[in-house]
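Generate the whole structure from the sequences, applying the supplied hints.
In order, the protein sequences belong to chains B and S.
Note that the numbering used here numbers the first sequence so that position 70 is 70, with each residue one more than the last.
Note that the numbering used here numbers the second sequence so that position 65 is 65, with each residue one more than the last.
Worth double-checking, as some hints may not be accurate.
Listed next, the stretches of chain B that the computed footprint assigns to chain S, with coverage defined by at least 3 CB atoms under 8 Å from CB atoms of chain S [to be verified]:
| no. | region |
| --- | --- |
| 1 | 82 to 92 |
| 2 | 116 to 122 |
| 3 | 156 to 164 |
None of these hints come from the bench; they were simulated from the model.
We put the CB at the ideal spot given by N, CA and C, even for glycine.
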Amino acid sequence: MTGFRRWLRANLWALVAVAALGTASAVYAFGFDWRDYQERNPTQPIEIARGDTGELGAARFVIDDVIVLEGDSADGRRYGVTAGTDVVVADLRITPDPEGGEDDYAFCDVVYRAPSPDGEREWWPQTTNPTSYPDPGESAFGCQVGFGPEYRIRMYFTVPAGAAEGGYVQVTTPEELPRALRLR
Amino acid sequence: MSRRRTGLTAILLTGVLLAVAFTLRLTQPSDEELQGPFVTFARFGEQVEGRNLTWIAEDAYLADRVTALGWSGETDGVWLVVTGTIGSKLGVTSPDVSLRIGDRRYMASDRPDAAALGGSLRAGLPQSGAFVFELPRSALEGPDARSATARFATGFRVRLDSAIDMVLDLTALEHRSTAALPPPGEVIP
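Printed below as a string of structure tokens:
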């Protein structure tokens, strides 16, 4: 038996302990951060097709329509969309928690996301209609799922020309993360 | 003889391991270095990119007074005006822009409000305009003024993220009595 093999045999349990403790330390050090990152971001997407109902907690979401007004098109020029940009118009129907009371105010985040060569890009809705595209008869202001009757909300997202392609409307609530609805 | 050799080897090995450990400890990066930003340096006229920001510097000058959109900026110090185009690559971002002179750090002024850059950026829709810094006149004196660094980042304390730095020699910049800030606006690609 060579000297090295003898040394290995004599220290086998110590080496096993070092390997096991090293692995455990690495898992301990990174495990919390990884789990926190996963749980605080929309890492569990749920795909919802147009007209179908998606649920986040007790709230329900339906996307009735999504249109893209292209600035460099006849429609875009007609509605005053800035050349070189597109405006995504999304109509949602939201049913808040039917058992919620007025003290149960809970907001939801709605963004538009689309792929790009640099990675997925995200746009927040604008508070006012940036075009002359006709507003719907009634539209809520802001996304709220804590209580109240079903309501409709229209959201506008200004994106660079062509950037809306392949995109989706993402809805999240802080309570339901990491679950996120992807409405197309 | 063999036992003596083993003993010498053990002592030698211990010495080597201690030397390695000591060297590692001496060369170990500080926490600041370990978690510091990944810096890209900008030059005038060149587009540089960080993880989420893009920046093209156009010009930089000093002014005793700046005006913009009906606003007039008076100061006992001096204004540093840095013009250019800043953009967001992936998401909504409010750029955090500061100027370091020696061990002092000045934030881009929010006194001009919407007349200067610094508001939120939409992905893929960069904005051109100016960042302004209100500086004491003493900041233009001394050797540190020759290597002031403007930093463009997505947060005040950049931790394991990118930052764009631009070195400016404040003593060599044009000094105007009054300067009209270029109105900020989205640059449609």
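Worksheet entry | Within 8 Å of chain S (C-beta), three or more residues of the region 116 to 122 of chain B | holds (count 6)
Discussion item. Can you confirm whether chain S covers the region 82 to 92 of chain B, using C-beta to C-beta distances below 8 Å and requiring at least three such residues?
Written reply: Holds, because 4 residues of the region 82 to 92 of chain B bring their Cβ atoms closer than 8 Å to Cβ atoms of chain S.
Worksheet entry | Three-residue Cβ test at 8 Å for the coverage of the region 156 to 164 of chain B by chain S | Since 5 is at least three, the answer is holds.
Going through the hint list in order, the structure satisfies each hint without exception.
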